[in-house]
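> Keeping their order, the protein sequence lines are chains H and X. Using our numbering, the letters of the first sequence map in sequence onto residues 5 to 269. Using our numbering, the letters of the second sequence map in sequence onto residues 5 to 269.
I should point out that these hints are in silico values taken from the structure, not numbers from a laboratory. For each residue, glycine too, the CB sits at the ideal point set by N, CA and C. Just so you know, not all the hints are guaranteed correct.
Stated by the list, open to error - Below are the SDA-like pairs computed for lysine to any residue, each with C-alpha atoms no more than 20 Å apart in a straight line:
1. X/K53 to H/T27
2. H/K194 to H/I258
3. H/K53 to X/V183
4. H/K78 to H/V108
5. H/K194 to X/A267
6. H/K53 to X/G187
7. H/K194 to H/F21
8. X/K53 to H/R43
9. X/K53 to H/K78
10. H/K194 to X/D184
11. H/K53 to X/D163
12. X/K194 to H/D184
13. H/K78 to H/Q110
14. H/K53 to X/E254
15. X/K53 to H/E176
16. H/K194 to X/K194
17. X/K194 to X/R51
18. X/K194 to H/E254
19. H/K78 to H/E254
20. H/K194 to X/G187
21. H/K194 to X/V189
22. H/K53 to X/E176
23. X/K194 to H/V183
24. H/K53 to X/D184
25. X/K53 to H/T105
Claimed, not checked - Some residues of chain X that are not near chain H, with every Cβ distance over 10 Å (derived):
26. Q44
27. K78
28. S103
29. P145
30. Y222
There are 2 protein chains.
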Amino acid sequence: MLTEDQIRHFHTEGYLFLPETFTQEEVEILRTEAEEIYRQQRPEVWREKSGAPRTAFAAHLYNEAFGLLARHPKMIRPIEQIFGEQVYMHQFKVNAKASFTGDVWQWHQDYGTWARDDGMPEPRAMNIAVFLDEVMPINGPLMIVPRSHTYGVLAAEHDTATTSYPLWTLDEETVTRLVDQGGIVAPTGKPGGLLMFHGNIVHGSAGNITPYPRKIVYLTLNAVSNYIRTPTRAEWIAHTDFSPIIPTEEDALINYARRFRQAAE
Amino acid sequence: MLTEDQIRHFHTEGYLFLPETFTQEEVEILRTEAEEIYRQQRPEVWREKSGAPRTAFAAHLYNEAFGLLARHPKMIRPIEQIFGEQVYMHQFKVNAKASFTGDVWQWHQDYGTWARDDGMPEPRAMNIAVFLDEVMPINGPLMIVPRSHTYGVLAAEHDTATTSYPLWTLDEETVTRLVDQGGIVAPTGKPGGLLMFHGNIVHGSAGNITPYPRKIVYLTLNAVSNYIRTPTRAEWIAHTDFSPIIPTEEDALINYARRFRQAAE
């Protein structure tokens, strides 16, 4: 459970970082499965211009380990606590930020897209990043502009040129103004860290030219009452199964990891 | 003067970082002059694909403040101490790494280019970076692979595609192997820091999507006896004036900065 201080920090700053939330055993199986998924040719797996994997959508629906992560009580309970109701999975992806070639994500807010493309009534959906590799200052960490969630949805342009994924991105003047006020934080740390942030937080990440990959699971839990009204995107990008997530037992993922390892030995 | 420990660190690790070597008064005038230079249209000023400034060559020859920096005793004396002889300016540039659009420099060694393109006999030339802006983990700091200078000149490919400046770059396997052994350091700190590194050190830098520009003066001091034998590049890229640099008085740059400020007030 989150403390009162943690909840206040989330509402004031727009994000909350919980280092080393998942164990190394849990993370290791997810990392192995992610590599396996990236080798698959399927519509849910998107690639950089270089051919390196960029993101794998909806992995919780076709991979058992990610399915267990998606219902992990350490992830679900804190978000229920903040929203005061049950949540469902709006989006689930495994972002690669591959070594040497991992590309930029320009500065953007997510709720703008959820509102415009999916008809989500309010920004009552939580972004969550789970670190599968160590996130360092030099391998393209997620950068967040604290307190930028207090300005609502900002004017944005549809960028289809800069990177391999179309995004509604913010202009330089807007980002400069917000950073002047809130600065930039880039939480880093060991695999297993959990970073949650508000749907209106301005965020982005630079490219990665180091030999260190920086895979993160990046998912969005939406309050059930805030289900999307007018979906236009593929089901595996913006889900329309609005049933509340029933968390697993605390040790479901770790037990899976142990069974998997025993079978491999 | 450098201590014995500092000199040993340089020879072992291949680099030495001296934080806040130049005063804020000195750095401020250089920053102002750099902005002025970047506005000029001249062959020495190169730009990114986006049009943002990337680098300004030979600024010490057409700008008085940079001319004084190029002869600053705090820069010249330590290098003379390491090489045991006088030095001359082989290359001098002001790299912009502009906010939002600053582009990547792929992993490379410099001495390979000096040997191949300029006919420099030995790697007895020192790379020096002087920070004009604060260098942070998130605005594209120079990244160095410690101890990579001990492998001599590594095989490299001429990369004319990735970025706006042709470079002899190293392949991913080589960089991975070197990083496995030496790790990566990315010295950061306030404006005025001085980072010196061996001509065979493998280094690079990621792009900069933050609103924080990261200008550095990036220069190469060559031992006079090691002058280049077969120049092929423009004089303002690889200089052929081999006369030893006579350092200025300690306070020459700071006095210039004060005169400049008084004139502006």
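> Hint by hint, note whether the structure agrees.
Checked hints:
{"no.": "1", "hint": "X/K53 to H/T27", "result": "violated, 44 Å"}
{"no.": "2", "hint": "H/K194 to H/I258", "result": "holds, 18 Å"}
{"no.": "3", "hint": "H/K53 to X/V183", "result": "violated, 25 Å"}
{"no.": "4", "hint": "H/K78 to H/V108", "result": "violated, 29 Å"}
{"no.": "5", "hint": "H/K194 to X/A267", "result": "violated, 53 Å"}
{"no.": "6", "hint": "H/K53 to X/G187", "result": "violated, 28 Å"}
{"no.": "7", "hint": "H/K194 to H/F21", "result": "holds, 12 Å"}
{"no.": "8", "hint": "X/K53 to H/R43", "result": "violated, 33 Å"}
{"no.": "9", "hint": "X/K53 to H/K78", "result": "violated, 45 Å"}
{"no.": "10", "hint": "H/K194 to X/D184", "result": "holds, 18 Å"}
{"no.": "11", "hint": "H/K53 to X/D163", "result": "holds, 17 Å"}
{"no.": "12", "hint": "X/K194 to H/D184", "result": "holds, 18 Å"}
{"no.": "13", "hint": "H/K78 to H/Q110", "result": "violated, 29 Å"}
{"no.": "14", "hint": "H/K53 to X/E254", "result": "violated, 51 Å"}
{"no.": "15", "hint": "X/K53 to H/E176", "result": "holds, 17 Å"}
{"no.": "16", "hint": "H/K194 to X/K194", "result": "violated, 27 Å"}
{"no.": "17", "hint": "X/K194 to X/R51", "result": "violated, 25 Å"}
{"no.": "18", "hint": "X/K194 to H/E254", "result": "violated, 46 Å"}
{"no.": "19", "hint": "H/K78 to H/E254", "result": "holds, 8 Å"}
{"no.": "20", "hint": "H/K194 to X/G187", "result": "holds, 16 Å"}
{"no.": "21", "hint": "H/K194 to X/V189", "result": "holds, 18 Å"}
{"no.": "22", "hint": "H/K53 to X/E176", "result": "holds, 17 Å"}
{"no.": "23", "hint": "X/K194 to H/V183", "result": "holds, 18 Å"}
{"no.": "24", "hint": "H/K53 to X/D184", "result": "violated, 27 Å"}
{"no.": "25", "hint": "X/K53 to H/T105", "result": "holds, 19 Å"}
{"no.": "26", "hint": "Q44", "result": "holds, 22 Å"}
{"no.": "27", "hint": "K78", "result": "holds, 28 Å"}
{"no.": "28", "hint": "S103", "result": "violated, 7 Å"}
{"no.": "29", "hint": "P145", "result": "violated, 8 Å"}
{"no.": "30", "hint": "Y222", "result": "holds, 18 Å"}
The structure shown violates the earlier hints numbered 1, 3, 4, 5, 6, 8, 9, 13, 14, 16, 17, 18, 24, 28 and 29.
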